[in-house]
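Colleague: Sequence:
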Amino acid sequence: NKDKEHGDYASNIAMILAKDLSLNSKDLADQISNEFPLDNQILKVEVAGPGFINFFVSKETHAQVLNAIDLKKEKYGHSKKKLGKVLIEYVSSNPTGPLHVGHGRGAVFGSVLAKLLRAAGHEVDEEYYVNDYGRQMSILTVSVWLRYLQNSNEEIIMSDLGYQGDYIKLIAEGLVKENKEKYLLSSEEHESIMSLLKVQKDESDIDSLISFMQKTLADGFLEIRSFALDNMLNLIKEDLDKFGVNHNLWFFESSLYREDKGNESKANEAISKLTSNNFVYEEDGALWFKSSEFKDDKDRVLQRSNGEYTYFSSDVAYHLDKYNRAYDRIINIWGSDHHGYLPRVRAAMEASGKDTEKLEVVFIQFANLIRNGEKISMSTRSGEFISLKELLEEVTSDAARFFYINRKADQHLEFDLELAKEESKDNPLYYIQYAHARICSVFNKVKYDFTTNHKELNLPLLSTEKEIEIQKHLANFPALIEKSAKSNDPHLICYYLKDLASLFHSYYNSEKFIIEDINLMNSRMFLLKGIKQVIFNGLEILGVDSPEEM
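For the sequence shown, our numbering assigns the number 26 to the initial residue and increments by one for each residue that follows.
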């Protein structure tokens with residue numbers, strides 16, 4: 026409670042239970058409060074309003090949190106519970122371009138959520154789903170090949186429909202270095218491709234280029250495709266690593282269509298499962314899933330009349346594979362533009378006999394990057410984007426991670442670069458890290474020896490209003506981790522740390538710590554030690570450093 030008149034802690038349990046027990050909530054609260062024995066920990070229990078139970082606790086009780094922090098140290102706030110296995114799939118950007126600032130928010134969210142869930146007692150896997158099967162990969166392959174031809178002194182017009190970024194040039198340079206003239210054209214083939222390049226107006230024209238490349242190079246098409254994919258994934262992994270994001274699992278979409286040892290592919294298995302459950306029908310030569318029977322707005326195509334699988338069939342097969350790996354929770358981190366995909370995926374899982382309660386989807390609003398008060402627009406295909414690498418050249422990884430996670434996932438976020446670099450209390454990360462550094466400075470100033478001075482402590486001396494408030498806030502940290510892990514809300518850690526930093530700075534500005542009263546000084550040092558540890562633990566979950574000096 027923030028209002029001291031309502032005690033230190035309050036419970037609404039009587040109001041929750043009263044209806045089921047057919048009792049008056051205030052009468053039930055009176056019954057419950059009378060069962061609490063008063064001792065040196067609980068000083069008073071009062072009933073207020075329609076049935077709130079307010080608890081007043083002793084200074085000794087408040088101080089117990091400091092001993093708990095000192096005992097558990099970096100594990101304070103962490104649970105010893107075994108809550109089961111969780112799979113978090115996040116980022117999963119098409120490997121057709123470097124990650125840009127629009128991907129940053131989802132990347133940080135997934136990374137922090139994984140750390141948070143581990144702290145709460147879960148075993149967590151972090152997975153990146155690589156879209157390496159579809160048409161976009163073919164466009165990437167053609168784009169790299171055209172640059173390869175240019176770099177090999179071929180007279181080539183670049184297609185405006187392909188990928189244009191500098192990263193394409195770099196991959197093409199590597200292709201020339203490794204393969205020399207292997208993928209060059211004959212004069213007749215050169216004439217054919219030039220005629221195709223002169224009419225690059227719509228998507229069907231890039232498809233013609235893809236067909237030409239496949240026919241002309243045969244296995245060379247797959248070799249260039251593999252080379253481009255490997256290079257792109259290395260770029261993506263490097264950028265994520267600098268950002269403190271580390272996936273331990275990489276799942277390739279192409280594996281869903283691979284027939285293994287005579288067994289049908291996972292995509293075919295998924296369709297067979299839905300078919301055997303009578304949720305697939307054929308119309309105009311295509312295979313359709315009856316998703317409208319599961320609250321989706323219409324049925325969905327699984328396989329087109331020409332035999333091509335749809336992106337949806339990949340989704341179904343991939344999610345069935347997730348279920349088959351026996352996770353207790355399956356969490357997808359998706360961009361807000363994927364809202365429409367959820368009903369059809371849930372429908373397919375339900376039709377396959379899976380427990381849809383296990384599948385959780387967090388939608389991330391894309392973040393806008395603000396520089397000098399103006400929003401920066403981006404497009405991967407045209408090469409007009411601010412990459413994560415460029416962002417991290419302008420602000421630190423710590424600042425980027427904190428600012429991306431600082432608001433609830435479904436809220437719009439504007440990433441202000443100037444604020445992220447500012448060294449003032451207006452920059453929330455600076456304010457939190459400065460609290461940690463300030464405490465380190467106090468300890469360094471007096472070369473404080475905790476081993477000697479903390480054998481006998483009189484912690485109830487910590488009795489000012491600010492000291493009690495800080496101890497109560499520190500005591501809330503374990504419950505905060507549990508709550509934010511259950512609701513997939515890691516931004517609550519940011520809010521908690523901002524409040525703790527504010528409490529500390531106010532306390533620091535109003536009290537002295539190096540004083541003649543050695544007992545009070547020791548107790549205050551112990552309090553500072555607790556604050557420092559909890560700031561460290563919270564920033565650790567965010568994947569952010571706790572500097573000892575600033």
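Keep in mind that the hints were calculated from the coordinates and are not lab data. A hint or two may mislead.
To be verified - Here are the computed lysine to any residue pairs in the SDA-like style, where the Cα-Cα straight-line distance is at most 25 Å:
hint, residue 1, residue 2
1, Lys497, Pro485
2, Lys29, His530
3, Lys97, Leu482
4, Lys323, Trp359
5, Lys323, Ser361
6, Lys323, Tyr366
7, Lys414, Asp362
8, Lys383, Gly365
9, Lys29, Phe81
10, Lys106, Ser290
11, Lys511, Arg354
12, Lys267, Leu442
13, Lys433, Phe388
14, Lys414, Asp441
15, Lys508, Tyr352
16, Lys433, Leu265
17, Lys450, Leu505
18, Lys262, Asn119
19, Lys511, Lys262
20, Lys97, Tyr520
21, Lys262, Gly187
22, Lys194, Glu228
23, Lys84, Ile540
24, Lys511, Leu438
25, Lys107, Val149
26, Lys400, His363
27, Lys554, Cys465
Colleague: None of the hints should be skipped; say for each whether it holds.
Modeller: Now the hints, each set against the structure:
1. Lys497 <-> Pro485: holds (13 Å)
2. Lys29 <-> His530: holds (21 Å)
3. Lys97 <-> Leu482: Status holds; Cα separation ~18 Å.
4. Lys323 <-> Trp359: holds (22 Å)
5. Lys323 <-> Ser361: Given pair Lys323, Ser361 holds - Cα atoms ~21 Å apart, limit 25 Å.
6. Lys323 <-> Tyr366: holds (12 Å)
7. Lys414 <-> Asp362: Within the cut-off at roughly 24 Å; holds.
8. Lys383 <-> Gly365: The given pair, whose Cα atoms are some 19 Å apart, holds under the 25 Å limit.
9. Lys29 <-> Phe81: Distance ~9 Å between Lys29 and Phe81 Cα, so the pair holds.
10. Lys106 <-> Ser290: violated (38 Å)
11. Lys511 <-> Arg354: Distance of about 11 Å is within 25 Å: holds.
12. Lys267 <-> Leu442: holds (18 Å)
13. Lys433 <-> Phe388: Holds. Lys433 to Phe388 sits at ~10 Å (cutoff 25 Å).
14. Lys414 <-> Asp441: Cα-Cα ~17 Å, so holds.
15. Lys508 <-> Tyr352: holds (21 Å)
16. Lys433 <-> Leu265: holds (22 Å)
17. Lys450 <-> Leu505: The given pair, whose Cα atoms are some 24 Å apart, holds under the 25 Å limit.
18. Lys262 <-> Asn119: holds (13 Å)
19. Lys511 <-> Lys262: Distance ~29 Å between Lys511 and Lys262 Cα, so the pair is violated.
20. Lys97 <-> Tyr520: holds (23 Å)
21. Lys262 <-> Gly187: holds (23 Å)
22. Lys194 <-> Glu228: Judged against 25 Å, a Cα distance of about 22 Å means the pair holds.
23. Lys84 <-> Ile540: Status holds; Cα separation ~22 Å.
24. Lys511 <-> Leu438: Given that 25 Å is the threshold and the Cα spacing comes to 23 Å, the pair holds.
25. Lys107 <-> Val149: holds (11 Å)
26. Lys400 <-> His363: Given that 25 Å is the threshold and the Cα spacing comes to 23 Å, the pair holds.
27. Lys554 <-> Cys465: The hint holds at about 9 Å.
Checked against the numbered hints above, the structure breaks hints 10, 19 and satisfies the rest.
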